[in-house]
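**Q** Each chain, written out:
2 protein chains.
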Amino acid sequence: MLAKVLSRLDDNLETALSRLFELLRYKSISTDPAFKDECRKTADWLVKDLQSIGFEASRRDTPGHPMVVGHHAGARADAPHILFYGHYDVQPFDPLDLWEDDPFDPKVKERGRRKVISARGSSDDKGQLMTFIEALRAYKAETGSLPVRVTVLLEGEEESGSPSLQPFLQAHRQELKADYALVCDTAMWDRRTPSIAVGLRGLVGEEVIIKAANRDLHSGHYGGVAQNPVHILSRILADLHDENGHITIEGFYDGVEETPRQVLESWQKLGMTAESFLNPVGLSIPAGEKDRSLLELIWARPTAEVNGISGGYEGDGFKTVIAAQARAKVSFRLVHKQNPQKIREAFRAFVRKRLPADCTVEFAEHGASPAIQLPFDSALISAAKEALSEEWENPPALIGMGGSIPIVGDFQDKLGMESLLVGFALSDDCIHSPNEKYDLDSFHKGQRSWARILAALAK
Amino acid sequence: MLAKVLSRLDDNLETALSRLFELLRYKSISTDPAFKDECRKTADWLVKDLQSIGFEASRRDTPGHPMVVGHHAGARADAPHILFYGHYDVQPFDPLDLWEDDPFDPKVKERGRRKVISARGSSDDKGQLMTFIEALRAYKAETGSLPVRVTVLLEGEEESGSPSLQPFLQAHRQELKADYALVCDTAMWDRRTPSIAVGLRGLVGEEVIIKAANRDLHSGHYGGVAQNPVHILSRILADLHDENGHITIEGFYDGVEETPRQVLESWQKLGMTAESFLNPVGLSIPAGEKDRSLLELIWARPTAEVNGISGGYEGDGFKTVIAAQARAKVSFRLVHKQNPQKIREAFRAFVRKRLPADCTVEFAEHGASPAIQLPFDSALISAAKEALSEEWENPPALIGMGGSIPIVGDFQDKLGMESLLVGFALSDDCIHSPNEKYDLDSFHKGQRSWARILAALAK
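Quick mapping for you: the protein sequence lines, in order, are chains H and E. Mapping the first sequence onto full-length UniProt numbering, position 170 (from 1) lands on 170, and the numbers just tick up by one. Mapping the second sequence onto full-length UniProt numbering, position 143 (from 1) lands on 143, and the numbers just tick up by one.
Note that these hints are calculated values from the structure, not bench results. You may find that some hints are simply not true.
Once the Cα atoms are required to be at most 27 Å apart in a straight line, the calculated DSSO-like pairs of lysine-lysine come out as [unchecked claim]: (1) H:K353 to E:K342; (2) E:K211 to H:K290; (3) H:K109 to H:K140; (4) H:K290 to E:K353; (5) H:K48 to H:K36; (6) H:K27 to H:K109; (7) E:K385 to E:K459; (8) H:K385 to H:K445; (9) E:K342 to E:K414; (10) H:K211 to E:K290; (11) E:K140 to E:K342; (12) H:K107 to H:K48.
With the rest of the complex left out, here is chain H (with noise of 0.2 Å):
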């Protein structure tokens, strides 16, 4: 049955194309209210989509943007119960003018040997979770139904720290609870590794905003004299590291443990250096904590980056003002028992601690979550290597993961499920920058992986 349903994948490519082409072409930006509505209109393309296969699929509307939920009792009581989670928002595309292409018009496009499907989403991560999707479509086109009893949970805000997704999974227990959660939202390895990820990093990130004179300033008549709160802003910003890179906030590292030894030697046996990860993107030296291997630094170690910074004038041209404000964007990655609460405060207490007489401080929260965990083995991990080694190249490599998916954390607090992450896309995809893309390879053979998992855990 597996052979059948892998051949009508292969056979069926360019169909799936057009569908994911569909998908790909709403505008679903969850950070920008301006696009609220285009991320109805893809939900409710998403609630027909999982109708055509049988779902008894709906949209459910959240203060925020919708979640669509969708059931298939699949073809046996016996079989495990699995709820799949996906996102289809994604992030905004600014600036335009470094995309190649239209970012809501998707191509197939050569690039080299391979082909790539590009369009902001195509990767994170509308394409990975049309992979699971497909593979759902053609069990059910050749078996009438599914192999396993399915629950499908697609969120709308991912990219936007998912506020409506915990009071979502508190309201619909037991609606959602299921024996295990499979996500796909993470990347492979490399071109021929795919990977299970068994270790998520938390986010916690926070908007501060310095406000000094009640009124941009004349720098010629104030300056010198009137406090700059870019200065103040790029002062407190330039104390978050010291010289070898760690992170000053104080009690920021309690929580952080010492990754095993040998899981350290497992991640170095994986051949990654300097050079491989940073060369493609233009870099060469590992900036951040200097007594850290490369892989330890994002998969086990936690962070602060300013992810953006703003004030005065910032046109074309010159303007000599003293702004009256300054805003940062930072976020901190947590990892092992960090407490995302405690890193907030403390970040706050740091910044007021720097803060200038005549100076006033404003923060504004944009989500937190906290590190995850998950077991180096189990029967979910054993059934998902032994599917995947059969479809790639090489067995897949447990890995850590920079990036965070709070869902897993609630899956395995709120809900007593484990996860398994598993995902197809590569580390060019260019997610959250100009030019995304998701190679078709992946797009294809993804499927085949899910229906290979499917059929491994209907046993």
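Let chain H serve as the given structure and place chain E on it in line with the hints.
**A** Just chain E now, with coordinates in the frame of chain H:
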């Protein structure tokens, strides 16, 4: 004769206002190329207005925005020849939402017991330059001519570093050379006390762009490993000042002289306090060098100020990127014999020294002018002192200036002319800020002041 001219100015205030309003409606923002055509139209309006007073006037195109030049022989060949300078370009208006009224729809508004003209450029410098032109118009109407020989030079690039001015002065040396230069682009000491400015800080404008990765990166995937240009820029800007407010750029203070004690004492007598200077803008404690008095800081000490900073995601919500680049606009106010070109080079060396491997820096010039020190006493200043003392409640204060008027140096160096800097702006005019205004009293008594000064010079 002077009495008749003064009384005509009083009688014609309403028509003078309506002429000023016409001028204020032009959006002559010189720093933004989008307004190039508006600048040309403004120049044409001024040409026509000068012609209506009997000037031989014309628009003189430059590689940037045009100059307006007009000549009038005056009534007597033995009277001095004066060159009047003003500028018709204005600062950008952003942020628009902080303006109470449309910045280009001038109005007279009641503010307490004062009447003010509200518009971008009302004070800086359209309202000011029209005080002089209205004085000329009244003389012409009363006497059929002007009491002195007058050349008018109106510039359209003062707010963007005056790139065309030096070449223009060089090319039209003979045409523009006069006995004295009169400049109306400065402020009163207070509402009862006019001023004559004798010290002007110079200005160096620099833009610095720090670049790291070849694209924006996902801060989850690359955070802690990739160089973050916002961090690097913050550290560089934070390093510009030490804990005592001294600027740390090597050689920065070369050419800075100590202000004579008697001058410092005369400034002290003006009674300015940190509170009286800073409270109106919501501040109370002087920033900058800790060991200097307030007036010394703004009149006789150099500064380094960041006028704008930007990098990464600045929109609503949050985007977890590490920016590919970050940029800042930085200006230095210079005093005494500081060399602008050396300051620029020293700043660039300062930045390059702090640039990590893997990063590059680009710089852009935004104007350079040395500081200027005019005599504390001369025939020109005596005449102006006498005239201003008759018009105003208090005699004029001889002051320093925090801002730059580069042309005064050019008049001195290139045309061998002494300048007289008299203006009627007030410290609460919000020039370079939202809600710029010019007091109706400044506009009216400013015209009367110029009439008196012209009479004194014609003696």
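**Q** Take the hints in turn and mark each one as holding or not.
**A** Right, here's what the structure says about each hint:
1. H:K353 to E:K342: It is violated: about 37 Å lies between the C-alpha atoms, which goes past 27 Å.
2. E:K211 to H:K290: Status holds; Cα separation ~21 Å.
3. H:K109 to H:K140: Roughly 30 Å separates the two Cα atoms, so the pair is violated.
4. H:K290 to E:K353: holds (20 Å)
5. H:K48 to H:K36: Answer holds: H:K48 to H:K36 is near 19 Å, not above 27 Å.
6. H:K27 to H:K109: holds (20 Å)
7. E:K385 to E:K459: holds (14 Å)
8. H:K385 to H:K445: holds (15 Å)
9. E:K342 to E:K414: Within the cut-off at roughly 21 Å; holds.
10. H:K211 to E:K290: Judged against 27 Å, a Cα distance of about 21 Å means the pair holds.
11. E:K140 to E:K342: violated (48 Å)
12. H:K107 to H:K48: holds (23 Å)
Hint violations for this structure: numbers 1, 3 and 11, all remaining hints satisfied.
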